[in-house]
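Chains A and B supply the protein sequences, listed in that same order. Just so we're on the same page, the numbering used here is the position in the first sequence counted from 1, plus 22. Just so we're on the same page, the numbering used here is the position in the second sequence counted from 1, plus 52.
Hints were generated in silico from the structure; no laboratory data involved. Any given hint could be a false lead.
With a straight-line Cα cutoff of 30 Å, these simulated DSS-like cross-link-like pairs (lysine-lysine) come out [as the list claims (entries may be wrong)]:
| # | chain 1 | residue 1 | chain 2 | residue 2 |
| --- | --- | --- | --- | --- |
| 1 | A | K195 | B | K125 |
| 2 | B | K151 | A | K28 |
| 3 | B | K125 | B | K63 |
| 4 | B | K363 | A | K60 |
| 5 | B | K63 | B | K363 |
| 6 | A | K139 | A | K60 |
None of the values given here were measured: they were computed from a predicted structure.
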Amino acid sequence: MSTNTKLLLIVVLMTMVLGRMIFEKEWLLATGTEIVLKLEPRDPRSLFRGDYMRLTYEIDQLDGRLLSDFNDVAENDTIFVAGQSVDGYWTASSATPTHPRSEESVLRGRIERVRSKTPDCEDGTECEPELDNVTVRYGLDTFFVAEGTGRALEDRVAEAGLENVRVLVRVSKNGSSALKAMLINGEPVYENRLF
Amino acid sequence: MKNPFYLRQLKRDLERWIEQGLVDPANSDAILASAGLGSGNRSLANVLTTLGVVLLGFAALSFVAANFWGIPKIVQLAILFGAMWAAFGVAAWLLNREKSGYGHASLLLGVALFGVNIMLIGQIYNISAHWPNGILTWGLGALLTAVLVPSRTVLAAAFVILGIWTGVESIGFEEPLHWPYLIAWGVMVVAAHRLNWAPGVHLAILSLIFWLLTNSWQVAQLLDWGEGETITFFALLWATWWAVSGVLAALSYEHSRAVEIYSAALFLIAFFLLFLVDPNEFGGMPVSWTVSATIVSLVGAACAVAAYLRKTFRLIDASALILLLVAALFYPALVGAGESAVQWLYRALYLGAAVWAVSRGTNVDDKALTNIAFAALTVEILHIYFGAFATLLGGAAFFFVAGIGLIGLSLVLERLRRRLMAAADNGASS
Numbered sequence: 023m024s025t026n027t028k029l030l031l032i033v034v035l036m037t038m039v040l041g042r043m044i045f046e047k048e049w050l051l052a053t054g055t056e057i058v059l060k061l062e063p064r065d066p067r068s069l070f071r072g073d074y075m076r077l078t079y080e081i082d083q084l085d086g087r088l089l090s091d092f093n094d095v096a097e098n099d100t101i102f103v104a105g106q107s108v109d110g111y112w113t114a115s116s117a118t119p120t121h122p123r124s125e126e127s128v129l130r131g132r133i134e135r136v137r138s139k140t141p142d143c144e145d146g147t148e149c150e151p152e153l154d155n156v157t158v159r160y161g162l163d164t165f166f167v168a169e170g171t172g173r174a175l176e177d178r179v180a181e182a183g184l185e186n187v188r189v190l191v192r193v194s195k196n197g198s199s200a201l202k203a204m205l206i207n208g209e210p211v212y213e214n215r216l217f
Numbered sequence: 053m054k055n056p057f058y059l060r061q062l063k064r065d066l067e068r069w070i071e072q073g074l075v076d077p078a079n080s081d082a083i084l085a086s087a088g089l090g091s092g093n094r095s096l097a098n099v100l101t102t103l104g105v106v107l108l109g110f111a112a113l114s115f116v117a118a119n120f121w122g123i124p125k126i127v128q129l130a131i132l133f134g135a136m137w138a139a140f141g142v143a144a145w146l147l148n149r150e151k152s153g154y155g156h157a158s159l160l161l162g163v164a165l166f167g168v169n170i171m172l173i174g175q176i177y178n179i180s181a182h183w184p185n186g187i188l189t190w191g192l193g194a195l196l197t198a199v200l201v202p203s204r205t206v207l208a209a210a211f212v213i214l215g216i217w218t219g220v221e222s223i224g225f226e227e228p229l230h231w232p233y234l235i236a237w238g239v240m241v242v243a244a245h246r247l248n249w250a251p252g253v254h255l256a257i258l259s260l261i262f263w264l265l266t267n268s269w270q271v272a273q274l275l276d277w278g279e280g281e282t283i284t285f286f287a288l289l290w291a292t293w294w295a296v297s298g299v300l301a302a303l304s305y306e307h308s309r310a311v312e313i314y315s316a317a318l319f320l321i322a323f324f325l326l327f328l329v330d331p332n333e334f335g336g337m338p339v340s341w342t343v344s345a346t347i348v349s350l351v352g353a354a355c356a357v358a359a360y361l362r363k364t365f366r367l368i369d370a371s372a373l374i375l376l377l378v379a380a381l382f383y384p385a386l387v388g389a390g391e392s393a394v395q396w397l398y399r400a401l402y403l404g405a406a407v408w409a410v411s412r413g414t415n416v417d418d419k420a421l422t423n424i425a426f427a428a429l430t431v432e433i434l435h436i437y438f439g440a441f442a443t444l445l446g447g448a449a450f451f452f453v454a455g456i457g458l459i460g461l462s463l464v465l466e467r468l469r470r471r472l473m474a475a476a477d478n479g480a481s482s
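Isolated chain B (complex conformation) (with noise of 0.2 Å):
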């Protein structure tokens, strides 16, 4: 299946040629469908399928796992080798007559019963090694198999796996770093542009993301740094990515507006997450803080110039990341002095900084980042009215006065929304 986001653009470059006379009406659907504008029927055909054949898979399990404690042992490891076996052979027997859908499906049976195996081996001799190990094995089982054959299908089911082993190490077994999760993920990221499959890509990026929370949270909580900090820090982080979507952007990366749009979303997310937090949780900045945040900060402040230099960012779009890197950088010094005129100065820019996030939606005609930053415009000014009205108004005359606020709020907000989105997609067909 090609890409969507490429499809999509293709569709409306189409409707402006054929308005502008450069191609045939009666050609457009044919030219959409050598492009792939109609293979998402046999896509969902191919997801059920996965699902159908996953399904029947755990019901043979199941009926196997309730008798399967009072066999023999040897009959036990036959069942196990055999349907592994099985499903590795039906896997290879339909790609060979291209029934690639159903092929990648019972393939990725075959993955899901090299783990199961390894389970149920593991309790039929009692194995207590140091458990996560058998998730990294099933996980690498997996990341070979999506590799060599190739197979989407099962280096998604890779990247759940091993996301899954690291979560175990991070947070079960409080593993401050768990750095070897990295030689994984770059390969896994590899094989997903080998494949040009996009939703691997916004896999990978969301398995880096997790991965980042995790470790940070570990490595924060090592180093003693207090709850504000951590989260500080976390706004510096997502800021940076922001940056550097527009360095990769400038490289031609051809997934940069994927890395933005989560690293937008996070960044906000996060930035509002400090109003909410007491001031008595910031710790003090430790050295440690300081010093990362700080690099972090200079490095984002660097991929944003970078941007604007290479024109992928306009200079407001720098300007206003590295205010906001700054901004953030100083919040745990100033939060502690001053609060409630600290607290409303960084609300009043965390509100520019969700209106410029819209203009950026709009300039790059990325309607994903466009929403997200007017969901972003509207918690906050809900979080403010709620914050503002509350301790004005008691009991009913808070309600009244509230809810006709907000339906008064989401009107001219969609109106706003709309209009600038019919504003974009104007402005991409003349």
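Chain A on its own, in the form it takes in the complex (with noise of 0.2 Å):
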């Protein structure tokens, strides 16, 4: 095999398995379901750090109660959280280890944090720790933005308000996810297009 030949082979694999990530992602952002999250405040300090986007939505926090199905719950598990549309906004109704082939729309993500409570039994002892809630990372929590534009960004979300602002979500059928569009007052702020 002549040294271009290897070199065509090598970079036409290079470029399969690029384009394989691209394809994955931009099927998913054309083909998959939308649903639409609710942003919840961050903290007190920038929303934006540099030129990338940290959000927080509300379905990063989850009620124990909803894992029932869980034998076992622990830091960097995989969950798939089943959910329907509440006042405009997707909302958790259900957390499984394993995809409900059954549900519509279905997000995959990772248990980051555990937190349990111990409550009082009613002879005012302490009863076995119970979950009380868990923290999920569905991939969706950061995105870059053009350089210089993040600080802009930053005050038109905070002039109209975290209850304004929709994240577009494309979701599909094994639980992965794609953020498709934020949107302002009904206005796209940014948009993932390939154009």
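Reassemble the complex: the two chains are provided individually, in unrelated frames, and hints are given to aid placement.
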């Protein structure tokens, strides 16, 4: 095999690997089920870190009662969150360790933190600890904006209020997700488009 | 570029042959040139070119990155793919014109851009998979390029990238035994040997050492070993590797000396560290430690015996290694009882080990091993010296005596080292 053929083979393989990464996400953005997520205030400091946005969603915090199908909950466990639209926002209704094939829109995430509580028993002693809530990451909390535009976007979000910010997400059948757009007062300020 | 150890030996042999009248002095330069000596200058030019190309690549990337997020996604992707294809295209053009230095530098740039593309596409699409998989993909791309072309430059990059991958998985994600790395390592080792590239073999040894250190530490934490047992296990492991090097030499493995040098250095360091561990840091020798340590020791002893039988170890070499294995194996059990007496006994043993290592180094005419052994001897003497005198003298008197002692010690040791080196050189030339 000549050097040219070898190098062509290498760069074609590399292109295929990169192309697959792109195709999976573009296909998801084009054909996935669209859901609308509600933002939660992250912290008193800036929403933006330099030129990327850090977003916190209402569905990041799940009540422990939603995880009744889990035998044991641990950090870094995979979690599938099923939900439905309530008042225009997608809200979690159940969480399972495997994909519930019967549900239409399911987000796949990873448990980042587990919080337990120790309730008081009827006789005044402490009962066994039980699950309070979990923090989940869906891979939707960080995305990049053009250099120098972060501050302007932050000002627009602050001015509009979080209740007027809508984040559109596309979800695939296996639970993968991709951020499609961010709208402030119905106007797109970020869109994940190829062109 | 030829094996530098071979070239060094050839130079020594030529001097001897000229003295014996076997080779005409007028031919020695031509012989050395045909063996590859003098290609060092070309190698330096290649290295500088490689660095220059990499810096140009980073300059271009920095410029693009500053404006990257403001352009449409399709343009972003076109830039990423275009740059990578251009680097490989230039590499093909240069390699076809037999400009191998520049060609391999461009190849390295292409592989680097593959990694950058993985990262940037991950950011463009907010891909949140297990991120070390991106490093693995990059490393596999580098390895494929290194094996297929073939390219030593890119193989070095593959060692580094895949080393980072296993480091992140082991340390960052606390993977207890990251065995998949060994598959990639095996391929890299084979590639380094096929390329007849000694620095690649050194990279392979260093990579394996790194993997053993990170994974053994993780496993030790998982099995609840104390810090003392963990360091003792490392000492046993490196002593065993030292014995394995003797077996490799018996099998005529050309890099067995490199294995011996690294394992000797690591063993002497690990054994020294035992003296710094508080006896309370020994966790009572869990069963898992006893079993593992015993198995490793038995393997080491068997290899030492095998190396002796195959005559790559002298009787004293095999005996010394077996004694050191036994001593290290029993150290955790003895350290708690009669602390002072045990410590002094093992310190004497360490000094004996360093002296033996000096003898081993001069016997096999290996200056690196001799120097390492001398360094270990010096450090241990200083450790004892400062420890003993610091308790006997105070303040300025201690520093005065310590200073005079250090100067005297350095003179004595340096004269002894030079005398041994000269004796070894004379023995080689006669």
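Hint check:
{"no.": "1", "hint": "A/K195 - B/K125", "verdict": "25 Å, holds"}
{"no.": "2", "hint": "B/K151 - A/K28", "verdict": "17 Å, holds"}
{"no.": "3", "hint": "B/K125 - B/K63", "verdict": "60 Å, violated"}
{"no.": "4", "hint": "B/K363 - A/K60", "verdict": "75 Å, violated"}
{"no.": "5", "hint": "B/K63 - B/K363", "verdict": "27 Å, holds"}
{"no.": "6", "hint": "A/K139 - A/K60", "verdict": "27 Å, holds"}
The structure does not agree with the numbered hints 3 and 4 stated previously, though it agrees with the rest.
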